[in-house]
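Protein chains in written order, with the UniProt record's numbering: chain A, 1 to 316; chain B, 1 to 316.
Don't read these hints as lab results, they were simulated from the structure. Note that the coordinates shown come from a computational prediction; the quantities given were computed from them, not determined experimentally. Certain hints may be false.
Each computed SDA-like pair below joins lysine to any residue, with the alpha-carbon atoms no more than 20 angstroms apart [unchecked claim]:
| id | chain 1 | residue 1 | chain 2 | residue 2 |
| --- | --- | --- | --- | --- |
| 1 | B | K33 | A | R131 |
| 2 | A | K204 | B | S185 |
| 3 | A | K204 | B | K290 |
| 4 | A | K140 | B | F134 |
| 5 | A | K33 | B | L139 |
| 6 | B | K104 | B | D11 |
| 7 | B | K20 | B | R102 |
| 8 | A | K204 | B | L139 |
| 9 | A | K140 | B | K140 |
| 10 | A | K140 | B | S185 |
| 11 | B | K33 | A | G118 |
| 12 | B | K140 | A | L51 |
| 13 | B | K204 | A | K204 |
Where chain A lies over chain B, by a calculated footprint (3+ residues, C-beta under 8 angstroms) [as the list claims (entries may be wrong)]:
| id | region |
| --- | --- |
| 14 | 48-55 |
| 15 | 72-82 |
Every residue, glycine too, gets a C-beta built ideally from N, C-alpha and C.
2 protein chains.
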Amino acid sequence: MESNNVISFADKLIAAIEQKGTPCIVGLDPRFKDLPAAITQQCLDEYGETLTGITHSILRFNQQVIDIVSPYVPAVKPQIAFYEMYGPPGVQAYLETITYARQKGLLVIADVKRNDIGSTVAAYSNAFLGRVPFWNNQLKPVFNVDAVTVNPYLGSDGIQPFLDDCQKYGKGIFVLVKTSNPSSSEFQHLPVEGEAFYLHVARKCKAWGENIMGNQGFSSVGLVVGATFPQEAIQIRKLLPQALFLVPGFGFQGGKAEDMKHFFINGRGAIINSSRGIIHAYRQEPYARKYGEEQYQQAIAESLQTMIRQVDQILQ
Amino acid sequence: MESNNVISFADKLIAAIEQKGTPCIVGLDPRFKDLPAAITQQCLDEYGETLTGITHSILRFNQQVIDIVSPYVPAVKPQIAFYEMYGPPGVQAYLETITYARQKGLLVIADVKRNDIGSTVAAYSNAFLGRVPFWNNQLKPVFNVDAVTVNPYLGSDGIQPFLDDCQKYGKGIFVLVKTSNPSSSEFQHLPVEGEAFYLHVARKCKAWGENIMGNQGFSSVGLVVGATFPQEAIQIRKLLPQALFLVPGFGFQGGKAEDMKHFFINGRGAIINSSRGIIHAYRQEPYARKYGEEQYQQAIAESLQTMIRQVDQILQ
Chain A
1 MESNNVISFA DKLIAAIEQK GTPCIVGLDP RFKDLPAAIT QQCLDEYGET
51 LTGITHSILR FNQQVIDIVS PYVPAVKPQI AFYEMYGPPG VQAYLETITY
101 ARQKGLLVIA DVKRNDIGST VAAYSNAFLG RVPFWNNQLK PVFNVDAVTV
151 NPYLGSDGIQ PFLDDCQKYG KGIFVLVKTS NPSSSEFQHL PVEGEAFYLH
201 VARKCKAWGE NIMGNQGFSS VGLVVGATFP QEAIQIRKLL PQALFLVPGF
251 GFQGGKAEDM KHFFINGRGA IINSSRGIIH AYRQEPYARK YGEEQYQQAI
301 AESLQTMIRQ VDQILQ
Chain B
1 MESNNVISFA DKLIAAIEQK GTPCIVGLDP RFKDLPAAIT QQCLDEYGET
51 LTGITHSILR FNQQVIDIVS PYVPAVKPQI AFYEMYGPPG VQAYLETITY
101 ARQKGLLVIA DVKRNDIGST VAAYSNAFLG RVPFWNNQLK PVFNVDAVTV
151 NPYLGSDGIQ PFLDDCQKYG KGIFVLVKTS NPSSSEFQHL PVEGEAFYLH
201 VARKCKAWGE NIMGNQGFSS VGLVVGATFP QEAIQIRKLL PQALFLVPGF
251 GFQGGKAEDM KHFFINGRGA IINSSRGIIH AYRQEPYARK YGEEQYQQAI
301 AESLQTMIRQ VDQILQ
């Protein structure tokens, strides 16, 4: 497991994209109030109006979503905030969601945006990507995902422990470079030596990723580049042809299919994420009218097929 | 609880500093391998070589540390990475550590460095500072700490949900501005319009905090400014006389007592944190030789008194 023959995350992701035939991935960001009543009613009956009832509702919903999407997508991206908000049982639901997704053959990208000084980041990295010290210096995996999102603000020593675990265990990171939210420009676009700040972060990512190149020409140090900023994606892609882009913000946040081509290089090297637009599709038009909450599974399935088709047309 | 008469976090912190007579706080960053054998042996007997054994060891140790330090300091700062690394039971130990510290009259600053897009940050903010939606739109506190550390990279909309909860519930945030780690300069010192990047972040913090001013002249939007960078602290203090500084990196990371005066304004407005230097003092000189692991409690108590005295001398 710690040999030099470990397969790089980048190669695993590229292979999974080719196998499934799409770079679309699904964000597992379940909102309790938006869950189908059929599921919450079932858990209410079993667990009452308790925290356990909530976190089991979330887990059960996720398992159904994973059953629906796992034949079609290479990866899922569970956002930890929506689980951590329910405390330890919420984190338990997060862990079981990860386990279930991996059992179904999916790669799992934990959207955690963790960051800290080096000695603290080592704890995060060990927990999500590596191994954690137990009794008698035994090392055991805890969350054991394939990749995490990380925040670059503290510089190299807040990234290095992740790089070590990436190399050792065939894992990956996606560094926040240009985020999908409206105010991302406040700091990320500040001018530094004639260039936007985010491009300096992108250059650092290039350096961080140079020793973790896979055989398919991509590094396991990827970048988060928001779907809502295609012009910035062009700039970053010029600098980093060998970087994997994780592209959030498609659909619900406003990212458009026709812009997606800018995130790829020769049709490869990016994954496009939609969260609410897929998993809660039954609450949005046209699926709300067509299927309604009762047929939430059909709404999830159809919204995913629509997204896959849209992105596929762009890549043809 | 949601009335306008809520006491601001800034006022609560200033009052607690005055009551205890020191701005020193203790970081609860327990490393399992560094815990006293007396505690781990006890938990090994009770729970075996299990994850529960580890997380109970951590919790029991924390409770003893809190018993020792709570008469003397205004606040503790538990670093979540060292709990999250042990999965859901680790987060349970984190929650119980928070509860115990608050029962002992301490303010609790959750060192989580969370950050994300607005809708996701709302989940974090509700979990740590505010109230989380349960069944039937009931709102309940989950971690219920007094303040959190946050990362600014995503700009205002990744901060606003925290500001809302700060105002509503009398809570605070400390925004990473100039961090204590060696590589913090890589991005934080990039030149933007003739000024280091971190000063632009500091200015934003000023704007974010202007509507959450307490009666003592300080805002509940504080800043993280590393003890290892006193010159930068002078620059930031010029811009933000009304900001609370959370100053990590004292002791173990190299921050020196004589430099601490630069972080204050008229002897007020900063809290100085030491983590490993206090809680694992029995593993470091001169306490390791003087007390050894058996008398870990004396080592913790004496290292704290030394720190308090050093900082007090500077402030006289």
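Hints and how they fare:
A hinted pair counts as satisfied when its Cα atoms are at most 20 angstroms apart, and K33 of chain B with R131 of chain A qualifies at roughly 14 angstroms. Taken as a hint, the K204 of chain A and S185 of chain B pair is honoured in the structure, with Cα atoms around 13 angstroms apart against an allowance of 20 angstroms. At roughly 45 angstroms between alpha-carbon atoms, K204 of chain A and K290 of chain B are farther apart than 20 angstroms, so this suggested pair is violated. For the suggested pair K140 of chain A and F134 of chain B, the alpha carbons sit about 34 angstroms apart, so the restraint of at most 20 angstroms is broken.
Proximity of K33 of chain A to L139 of chain B is assessed by CA-CA distance (about 12 angstroms); at most 20 angstroms being required, the pair is judged to hold. For the proposed pair K104 of chain B and D11 of chain B, the alpha carbon gap of about 19 angstroms is at most 20 angstroms, so the pair holds. For the suggested pair K20 of chain B and R102 of chain B, the alpha carbons sit about 15 angstroms apart, so the restraint of at most 20 angstroms is met. Simply put, K204 of chain A and L139 of chain B have alpha-carbon atoms about 42 angstroms apart, too far for the 20 angstroms limit, and the pair is violated.
About 34 angstroms separates the Cα atoms of K140 of chain A and K140 of chain B, which puts this hinted pair outside 20 angstroms; it is violated. Between K140 of chain A and S185 of chain B, the direct Cα distance comes to roughly 34 angstroms. Violation of the 20 angstroms bound is thereby established for this hinted pair. For the proposed pair K33 of chain B and G118 of chain A, the alpha carbon gap of about 18 angstroms is at most 20 angstroms, so the pair holds. For a cut-off of 20 angstroms, the pair hint linking K140 of chain B to L51 of chain A stands: about 10 angstroms separates their Cα positions.
Annotation: proposed proximity of K204 of chain B to K204 of chain A is violated, straight-line Cα distance about 24 angstroms (limit 20 angstroms). For the region 48-55 of chain B, the stated coverage by chain A holds: 4 residues have a C-beta nearer than 8 angstroms to a C-beta of that chain, and at least 3 were required. Counting residues of the region 72-82 of chain B whose beta carbon lies closer than 8 angstroms to any beta carbon of chain A gives 3, which reaches the threshold of three, so the coverage claim holds.
Of the numbered hints given earlier, the model fails hints 3, 4, 8, 9, 10, 13; all others are met.
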